[in-house]
Structure formats: structure tokens, C-alpha cells
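Trainee: Here's the letter readout for the chains.
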Amino acid sequence: MAHPVRVVHYVNQFFGGLGGEERADTPLQVREGPVGPGRALQQILKDQGSIVGTLIAGDDYAAEREGEAAEAIGVALAGQVPDLVLAGPAFDSGRYGLGCALACQVAQSRGIPAVTAMYPDNAAIITHRRELIAVPTGVDVIDMPRVLARMAALGLKLARGETLGPAAEEGYIPRGIRRLVTKDRVGYERALELLLARVAGRPYASEILVQQYERVPPAPAPRDLSRATIGIVVSTGVVPRGNPDRVPGARALTAGRYSVDGLESLDVADWESVHGGFNTRILNTQSPNYALPLPALRHFQAEGVIGGVYPFFFSTVGNQAAVGLAREIGRRVAREFRDAGVAAALQVSG
Amino acid sequence: MIGALPAIAVAANANRVVRGVQVQHPCGDPKLPPEADWDLTLRIVRTALDAIRTEVAGPTLFEPPASSASREAVRAS
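Line order of the protein sequences matches chains A and B.
Quick note: my numbering has the first sequence finishing at residue 1845, numbered continuously throughout.
Quick note: my numbering has the second sequence finishing at residue 246, numbered continuously throughout.
Isolated chain A (complex conformation):
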């Protein structure tokens, strides 16, 4: 292209310079030219691209008022007429990631190529993997210059109408799109080669990528629990009968929050498990306490082994739960437990 690519940059309230959490509900604002990290992005683009405008939206606004936000983004893009939309980077921020995903989707629906960047386990990737071209990032903002450079490079390619190669080659998060290719050797030959390389300690590249789970440093052990409050989290899907929050039997996005204040035991008449991954007959006809040992905890409370049980427990369904979403749930639960002075959490899985 002879003329510089017209770019619109999407950022959240923090990177847009409006403020922190307290401004998370800010509706979409449109600014001329680059803002915040957009300035560094413009420097990277040089004369190949020109950031004609910046869209700033609060994290909560974008993540929770999707319909409104989508419409506002659409109107803004119609006004700016960009050749390319760059969103983020969102790093590990789930709500910001969802905002970036929304911006990209609106752009793409109007025929405008879009590139974003975020941590591969960001909730937005879990839910929008197929639709996004996203540069993988770590969790550290210090990586910003490298990430912006990658976003610019991929974005300019797309804006010039070039097709992207496979994710591993081009450096974006795999979208899970499978294309059939013919390899030069049959499967068992390649498998044996992988095995021999692995046994010999030589480098090898697995053809199927297995999920790696991050390591979390263990919390230090409290010596004495006699005055400690224990918080309960379950992925066994225990909910009030009737499932008022409609917790799904699989692929849950959130957790329910229910009171056990003053309860010694869960009565099968009042509670059920909605877990769709195993037979819940015993829990639902005999005792939900098999999946949430409230009577045992009350027993230890009465004996003075523990100080008490946090009055609210969190319940989700572990069946096919996405790692990124499970982490978001865990974070929210941990925040409430920590703010309430809960000493330890007891989690029950099937």
C-alpha cells in the first residue's frame, strides 16, 4: 500500500489514562490519535501505519454491557474508517481481554482485520479462540514493547491483504483450526523418531500439544486452625434445589455463591448437584454432604479443631471447565476469602 494503513487502537480505562478499577464502568470514549501505549505503537508503525483514533472502554462496561459496547464500537469504527484495528495488549486481565475480543469481533464483522494480544490462558481466548488473531504474551507488562511490535507486524500483514500461515510460524495463539497437510513420512515413523529423541534426551517437537499447568507456590501452613475460618469451594456442582443461578452441567463460566450460615448439614430436600459429568443419584437422593462435607466441618468446629466455617461457599461444575475460566473463578473466590480473613480453603472435586 502506498499510503499508511489507518489504524484504530482499542484500550481499557487504565491504559487510556482514565484511572483504575474505579473507572471500570466507563462507557466507550473516542480520542483522536494514539493514547498511552498507542504512542509507542505509533513509533513502531513509523510511516507504514497511522493511528487515527483510540477507543477507550472500561473493563466492566466492555465485559458486562456487551451489546451496548459492541454498538458503540461499531459506530466509532464507522466514523474512523480504519484499515486495521489493534486491541490491547490485555496480558492476563480477563475483562480487558474480553473487551479486546469484542473490539476485534466488531471490526471483523465490518470487514476490518483485527489483531489483539493477551496471555494464552486469558478467559477471552477460552471463549473466542477461533475468532481472534492474538499475539501470545506473558503476564508482565514489561513485555509491552516486544508485544506491540508483534501486533504491528501481524496487523500490517493482514491490512495488506496477506494470508497468515500457521500459528506456530507466524507467532499468534493457535485458533484450533485444523488444516489437512501431507507429511513426508507416515505416522509410526514420526512417532518412533519422537520416542528415540526423547529417550536420548535430544530436542523434539510434539505434534500434539499437551496442556501445561502452571505451578503455584504452596501457601504457607498455618500452625494452628483453632481460631481459623475455613472457606468452602466445590467443583461438584452443589447448588440449592432448582438451581436458581442456572449453573450449567458442563463448561461452567462462573460459580454460584450460597449461604451455609447456621446450617449443620445439607438436606437433600434443599440441595442438589447439577454436575453433568458423573451420576449424581447418591448426592441427590441420599446426601449432598458427600460432595460438600459440611457436617464434618461443623463437627471439627464444635471440637475446637477449627474456629469456624465461612458463611458462604462457592460452587461450580468442574466438568470440562476451561483452565482460564477456572483460574478467574479461583481468583474471585480467593479475593473474597482473603478480604474476609479466611485462613484456608477446602475444595472438593469429584
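There could be a bad hint or two in this list.
[As the list claims (entries may be wrong)] Counterexamples of contact, computed for chain B against chain A with all Cβ distances above 12 Å: (1) A205; (2) E232; (3) P234; (4) A235; (5) S236.
[To be verified] Label pairs and their in silico Cβ distance ranges: (6) A:T1780 x B:I177: 21 to 31 Å; (7) A:Y1699 x B:R222: 18 to 28 Å; (8) B:A180 x A:G1569: 39 to 49 Å; (9) A:A1835 x B:A180: 25 to 35 Å; (10) B:I177 x A:A1644: 34 to 44 Å; (11) A:Q1538 x B:I177: 25 to 35 Å.
[What the hints assert, rightly or not] Not the full set, but computed from the structure, chain B residues with beta-carbon under 10 Å of chain A: (12) P195; (13) V214; (14) G227.
Read the hints as simulated data drawn from the structure, not as lab findings.
Note that beta-carbon positions come from the ideal geometry of N, C-alpha and C, so glycine has one too.
Please build the complex by placing chain B on the supplied structure of chain A, with the hints as guidance.
Mentor: What follows is chain B alone, placed relative to chain A:
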């Protein structure tokens, strides 16, 4: 955490894992007579509380003791 499939939990790097009975009833066993079932539940949850009070370096599996009764028998001989 208490879970009936501890191998998965340890592989996913959960740090304090207590073996549960079965997926359908991790914290007890409905096939046992009520007293034995309750004893089992207490052993499992006590193991979880002990695990909380134990320093660990990484993913660690804690096995609830087989039974309070059998423990006594072994020590007596």
C-alpha cells in the same frame, strides 16, 4: 482439596491433595453402615485439615488413614 481422582489433581499442580472415595461420593461411602461412613468422612476431612497445617514444597498427595480401628490394632501388637 479432596478429590477421588488425585492423579489428575497432582498433575494439574494442586499443592495439597487428599484422596477421596469415589467421584460420586468423594467424602464418604454410602455402602458402609452409617457409623463407619461417618468415621470415614471424619478421617478424610481431618486429613484435609492436617494437610492445611503441613508445609509442602509442591504437589503432595495425602492419604486418609485406612481406619481409626486398624491403627490401634497395629500399635497394640
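Trainee: Evaluate the condition: distance from the CB of E232 of chain B to the nearest CB of chain A exceeds 12 Å.
Mentor: For E232 of chain B, whose nearest Cβ neighbour in chain A is about 16 Å away, the distance exceeds 12 Å, so it holds.
Trainee: Would the hint on G227 of chain B stand, with a C-beta cut-off of 10 Å toward chain A?
Mentor: holds (7 Å)
Trainee: Identify whether the interface hint at P195 of chain B stands, where standing means a beta carbon of chain A within less than 10 Å of its own.
Mentor: holds (6 Å)
Trainee: Within 39 to 49 Å: is that where the Cβ-Cβ distance between A180 of chain B and G1569 of chain A falls?
Mentor: holds (44 Å)
Trainee: Hint says 34 to 44 Å; check whether the CB-CB distance for I177 of chain B and A1644 of chain A agrees.
Mentor: holds (39 Å)
Trainee: Checking the smallest CB distance to chain A, is A235 of chain B really beyond 12 Å?
Mentor: holds (18 Å)
Trainee: Does the claim that P234 of chain B lies off the interface hold, with its Cβ farther than 12 Å from every Cβ of chain A?
Mentor: Given a closest Cβ separation of 15 Å, the condition holds.
Trainee: Examine each Cβ of chain A, and state whether all of them lie more than 12 Å from the Cβ of S236 of chain B.
Mentor: Holds, since 16 Å exceeds 12 Å.
Trainee: Could you say whether the range 18 to 28 Å given as a hint is met by the Cβ separation of Y1699 of chain A and R222 of chain B?
Mentor: At roughly 42 Å between Cβ atoms, R222 of chain B and Y1699 of chain A fall outside 18 to 28 Å, so the hint is violated.
Trainee: Over 12 Å from every CB of chain A: does A205 of chain B meet that, or does the non-interface label fail?
Mentor: At roughly 14 Å from the nearest Cβ of chain A, A205 of chain B sits farther out than 12 Å, so the non-interface label holds.
Trainee: Go ahead and decide if the range 25 to 35 Å is satisfied by the Cβ distance of Q1538 of chain A to I177 of chain B.
Mentor: violated (47 Å)
Trainee: Is it true that T1780 of chain A and I177 of chain B lie within 21 to 31 Å of each other by Cβ?
Mentor: holds (27 Å)
Hint compliance for this structure: hints 7, 11 are not met, and every other hint is.
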